[in-house]
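Visitor: With chain R fixed as given, assemble chain F onto it according to the hints.
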Amino acid sequence: MVVSKKEVNSVSPRIQKLIEGLYSVTPEIESERAVLITKSFKETESLPMIVRRAKALEKILSEMTVVIRDEELIVGNLTASPRGAQIFPEFSNKWLLSEFETLAKRKGDVFLISEQTKKALREAFQYWDGRTVNELAEQYMFPETREAIAAGVFTVGNYFFNGVGHISVDYAKVLAIGFNGIIAEAEAEMAKADTSKPDYIKKKQFLTAVIIAAKAAITYATRFAALARDLAKRSQDPRRRDELLQIAENCEWVPANPARSFYEALQSFWFVQAIIQLESNGHSISPMRFDQYIYPYYKQDVTSGKITREKAQELLDCLWVKFNDVNKVRDEGSTKAFGGYPMFQNLIVGGQTADGVDATNELSFMCLEATAHTKLPQPSISIRVWNKTPDSLLLKACEVTRLGLGMPAYYNDEVIIPALVSRGVTLRDARDYGIIGCVEPQKGGKTEGWHDAAFFNIAKVLEITINNGMANGKQLGPQTGEFTSFKSFEEFMDAYRKQMEYFVSLLINADNSVDLAHGERAPLPFLSSMVEDCIGKGKSLQEGGAHYNFTGPQGVGVANVGDSLAAIKKLVFDEKVITLNELKSALDSNFADKEDLRQMLLNRAPKFGNDMDEVDNLAREGALIYCREVEKYLNPRGGQFQPGLYPVSANVPMGAGTGATPDGRLEGTPLADGVSPVSGRDSAGPTAAVNSVSKLDHHIASNGTLFNQKFHPSALEGESGLQNLAALVRSYFDQKGLHVQFNVVSREKLLDAQKNPDKYRDLVVRVAGYSAHFTSLDKTIQDDIIARTEHIF
Amino acid sequence: MSAYGLDLQAKGIVFDIQRFSVHDGPGIRTLVFLKGCPLRCPWCSNPESQRLEREIMFIASNCIGCNKCLAVCPTGAIDLDLPSRVRREKCNLCGKCIEVCYAAALIMAGQEKTVEMILDELKKDNIYYRRSGGGITFSGGEPFIQQDFFEQLLAGCKANGWHTTIETTGFTTKKVLKRVLPLVDLVLMDIKHMNDQKHKKYVGRSNKTVLRNARLVAASGVQMIVRVPVIPQFNNDLINIRATANFAHSLGAVKELHLLPYHRLGQKKYGYLGRKYPFEGITPPTRSDMNRLKTVVESCGLRCSVGGA
Chain R
3 MVVSKKEVNS
13 VSPRIQKLIE
23 GLYSVTPEIE
33 SERAVLITKS
43 FKETESLPMI
53 VRRAKALEKI
63 LSEMTVVIRD
73 EELIVGNLTA
83 SPRGAQIFPE
93 FSNKWLLSEF
103 ETLAKRKGDV
113 FLISEQTKKA
123 LREAFQYWDG
133 RTVNELAEQY
143 MFPETREAIA
153 AGVFTVGNYF
163 FNGVGHISVD
173 YAKVLAIGFN
183 GIIAEAEAEM
193 AKADTSKPDY
203 IKKKQFLTAV
213 IIAAKAAITY
223 ATRFAALARD
233 LAKRSQDPRR
243 RDELLQIAEN
253 CEWVPANPAR
263 SFYEALQSFW
273 FVQAIIQLES
283 NGHSISPMRF
293 DQYIYPYYKQ
303 DVTSGKITRE
313 KAQELLDCLW
323 VKFNDVNKVR
333 DEGSTKAFGG
343 YPMFQNLIVG
353 GQTADGVDAT
363 NELSFMCLEA
373 TAHTKLPQPS
383 ISIRVWNKTP
393 DSLLLKACEV
403 TRLGLGMPAY
413 YNDEVIIPAL
423 VSRGVTLRDA
433 RDYGIIGCVE
443 PQKGGKTEGW
453 HDAAFFNIAK
463 VLEITINNGM
473 ANGKQLGPQT
483 GEFTSFKSFE
493 EFMDAYRKQM
503 EYFVSLLINA
513 DNSVDLAHGE
523 RAPLPFLSSM
533 VEDCIGKGKS
543 LQEGGAHYNF
553 TGPQGVGVAN
563 VGDSLAAIKK
573 LVFDEKVITL
583 NELKSALDSN
593 FADKEDLRQM
603 LLNRAPKFGN
613 DMDEVDNLAR
623 EGALIYCREV
633 EKYLNPRGGQ
643 FQPGLYPVSA
653 NVPMGAGTGA
663 TPDGRLEGTP
673 LADGVSPVSG
683 RDSAGPTAAV
693 NSVSKLDHHI
703 ASNGTLFNQK
713 FHPSALEGES
723 GLQNLAALVR
733 SYFDQKGLHV
743 QFNVVSREKL
753 LDAQKNPDKY
763 RDLVVRVAGY
773 SAHFTSLDKT
783 IQDDIIARTE
793 HIF
Chain F
241 MSAYGLDLQA
251 KGIVFDIQRF
261 SVHDGPGIRT
271 LVFLKGCPLR
281 CPWCSNPESQ
291 RLEREIMFIA
301 SNCIGCNKCL
311 AVCPTGAIDL
321 DLPSRVRREK
331 CNLCGKCIEV
341 CYAAALIMAG
351 QEKTVEMILD
361 ELKKDNIYYR
371 RSGGGITFSG
381 GEPFIQQDFF
391 EQLLAGCKAN
401 GWHTTIETTG
411 FTTKKVLKRV
421 LPLVDLVLMD
431 IKHMNDQKHK
441 KYVGRSNKTV
451 LRNARLVAAS
461 GVQMIVRVPV
471 IPQFNNDLIN
481 IRATANFAHS
491 LGAVKELHLL
501 PYHRLGQKKY
511 GYLGRKYPFE
521 GITPPTRSDM
531 NRLKTVVESC
541 GLRCSVGGA
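Chains as they are written, first to last, in the numbering used here: chain R, 3 to 795; chain F, 241 to 549.
Next comes chain R alone, as it looks inside the complex:
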């Protein structure tokens, strides 16, 4: 089934207007939530933390400004202004205070902030001094851990300063039973609990908090109903009046009650999505298998004639725009790792059902179409591919890829399902996986995956190994031998392993410290109410309530490590054309006056990405050393650590903190992104790059791997271009790759966009596990994207 160009490109005037409304203003910081939670916390000092969190949410949802934007059909705002950002002082706030004056001036992810907002926030922040998650987490960390973080070996910045997010709740359950159903469930659990058991006390507090939060969600919806009725009364336009009355009816019924129609299902879904992101600012709140749990409502309405496919598509398109109304302010440092206002709301179509049959349905296609229509960075749309994925769906996905949005991302069932099973997930649950955020697989509605637990710079560990445990002039790691003393390549590898062992142990300390702090200071009752077994166990997600618990830190710099190891092995130990002394002094001086040596390293040693076993196997080993170390450990929620290999865009800042490496890379330049080859080093074309990447062990990296490929539009022209792209995806997946995504945009266009940003405000590109507006990115990230090898043949 190939959809005509007209269908792919047409967008209704309403959608056009909604998009223009969203992007007509620069995002603004709002103080309302921060002020309300602070007030609430001042009033609840004596209560248990879980109840305090519920009461704070209740206050926020009852008192914050509710807005219905022009022409909206799906309602529910997080901020009064479009794409604004609420503040979450309970996680951390000092960085924001210190960046008030630069938010509007920084190079990427700009936010406006008014003097009035600054004043309100300053007042609110005072209360949180010493009470934040961040401050508690820091107390838990060992001094060595903090030093390793300061030296840039790894960062746990994401959850250290913000909410965790990275979750998919049981949306289907809310749609089916409503929050009244969840309240009933909590009440029943309370009624049947054994009050004599010692855990009853905490269980009761948790269930009380769940009920408060669920009621608050209903209150929030009814406020939209009232607003819609009010607006309808004042509307001059009979068409809009009817729409507003319909909105009012929807919001009076859902999410309190079971959704009765496709439209109500979408509205109920959105309330869940919005409220989760008001309770915490953890991003990557991922709708996951939307085409599966919404489909029954669609099918029922289309079959009964209640709705046409066209109308249903428009509602979907409206929802897609709404996903872009969510925003988050990050500190300037983090914007370099997470550039372009990303929210990572990952929505995946296709794949198989829990029973193992193909899950593709009409809605799978319509979701892809909604992305083609709106051409916006959110939701992060993805597709699951397995042997029985119909070509029609894969080709539809390739067609969307060809629009140049960097979406959808492609995921391989044949790797992810066994990888999850190897982590103790049941086969049925594994088949029902979805993707969180960038590339992290999990069973939605049952998992607290802590997927973005850290970025760990494995190239930095290599640098530290070369320096016998020293980094930035300090003895940071163990002494594993002077570089110049190594007699064989294996000796060097042993030293690298020992350094890895040490630094991963510090990483675990960092993650577990942050984990504990979230459990103590920011348990989330609303979010927990929609994830299995929290209600049953009577425990929040943050305290181990979920059925599956993981912590997933990411290794960054796989290709640099592989290339560096290959250079050392071949040129130093095998061919002996460079001595260890020469190499060490060249690295120390960042190749000053040693350009010929650098060129030898670059051109005379094999490079990952060219389908050469001698280096690909070393990249595999370099990554495995990290992965095997990580999976040894447990987290405080009773779950296992599982490694990932993806960088978001952290490969740029992490490269900035890494010295010259034996692959010929200069100090401070970006590391390779994800499991992709080093930019410009894969010169044998996309199939060679794919083959190299597929030689890594994608199963052990069960927290996800990320492979970026860039194509010039001319390589994918015509019907045969689509077929070839689909074949490339299938071939990569035949070889057990986990994920791949494509940027289809010409280098000239990106260079022009740097020069004339105003001409390209709508240009969406793939950054890492997400897409963003190119012009909203910091220049260093823009340069990194331009540098990624472009395949044109």
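Hints were generated in silico from the structure; no laboratory data involved.
Take the hints with a grain of salt, since some may be wrong.
[As the list claims (entries may be wrong)] No farther apart than 25 Å at their CA atoms in a straight line, the calculated lysine to any residue pairs in the SDA-like style are these:
| # | chain 1 | residue 1 | chain 2 | residue 2 |
| --- | --- | --- | --- | --- |
| 1 | F | LYS495 | F | TYR517 |
| 2 | R | LYS751 | F | PRO524 |
| 3 | R | LYS199 | R | GLY521 |
| 4 | F | LYS509 | R | GLU22 |
| 5 | R | LYS596 | F | ASN307 |
| 6 | F | LYS308 | R | GLY521 |
[What the hints assert, rightly or not] Listed next, the stretches of chain F that the computed footprint assigns to chain R, with coverage defined by at least 3 CB atoms under 8 Å from CB atoms of chain R:
| # | segment |
| --- | --- |
| 7 | 255-269 |
| 8 | 304-315 |
| 9 | 341-349 |
| 10 | 362-369 |
[Stated by the list, open to error] Here are some, though not all, of the chain R residues that point toward chain F, as calculated from beta-carbon distances under 7 Å:
| # | residue |
| --- | --- |
| 11 | PRO145 |
| 12 | ARG148 |
| 13 | MET602 |
All C-beta atoms in this analysis are idealised placements derived from N, C-alpha and C, irrespective of residue type, glycine included.
Guide: Okay, now just chain F, sitting in the frame of chain R:
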């Protein structure tokens, strides 16, 4: 000799193997470029393909000025003042300069390879050929120049079950053509000009052999697509394009004609080889020029695409 009667150790000169080639035959293909060509088309975008023997290329922009090449050259052929670095008349192609040129400014165009080495390289993308309906395409130069090696390679591809395409100028003997055709699934036949005078004047050979071989291929039942490089001031007039299309159509078996617009992407390589670009000052045809010619081809009853497929 292998089990298939193949001579896996047969050697030839190859100047490039390009994977993920999507414009020279169906699906995802690997393109093998054999060195050597009987023609000297002045617009040629692969000048390093023309001579059969290996050649040194100098890419000045890669040079880091270490001058190691000068030190190692045994024949005094390195001249730092020469834009193309190598005094070709003095060079014995020993390759010592290339060995020490870590920055890859000096590179060898053409490597001697065995059939086995090439098949090993081709096997790496087996999975893509299968998934995309692709295969192997042989190009040049003119692959028939190294006819025995070429035949062995084709036989090797067939032993692996791959779809084979050849891109040819049509310059070969009847006998060789007949021997090779059973190993070929698709012929991309270049027809540069229908007027023999012009053909001779520009490329140095008569078109008679080309047209005869085109008829032979058509009669053999092997699928054939006619390709016309569209070269301004040479063959881009409507009369010639119509004549070519009519000829192709008259063959009966040919259903498709590709128009390949002249481009200047290979111009730099002349400098690398120390040669002068013979086609200075010619502007590539515009998209609308190409579309006009496409309409002409289609009016002759053929499918036509611009740029190959």
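Visitor: Take the hints in turn and mark each one as holding or not.
Guide: Against the structure, the hints come out as follows:
no. : hint                  : in the structure
1   : F:LYS495 <-> F:TYR517 : violated, 35 Å
2   : R:LYS751 <-> F:PRO524 : holds, 21 Å
3   : R:LYS199 <-> R:GLY521 : holds, 22 Å
4   : F:LYS509 <-> R:GLU22  : violated, 49 Å
5   : R:LYS596 <-> F:ASN307 : holds, 14 Å
6   : F:LYS308 <-> R:GLY521 : violated, 64 Å
7   : 255-269               : holds (count 9)
8   : 304-315               : holds (count 3)
9   : 341-349               : holds (count 3)
10  : 362-369               : holds (count 4)
11  : PRO145                : violated, 44 Å
12  : ARG148                : violated, 42 Å
13  : MET602                : holds, 4 Å
Checked against the numbered hints given earlier, the structure breaks hints 1, 4, 6, 11 and 12 and satisfies all the rest.
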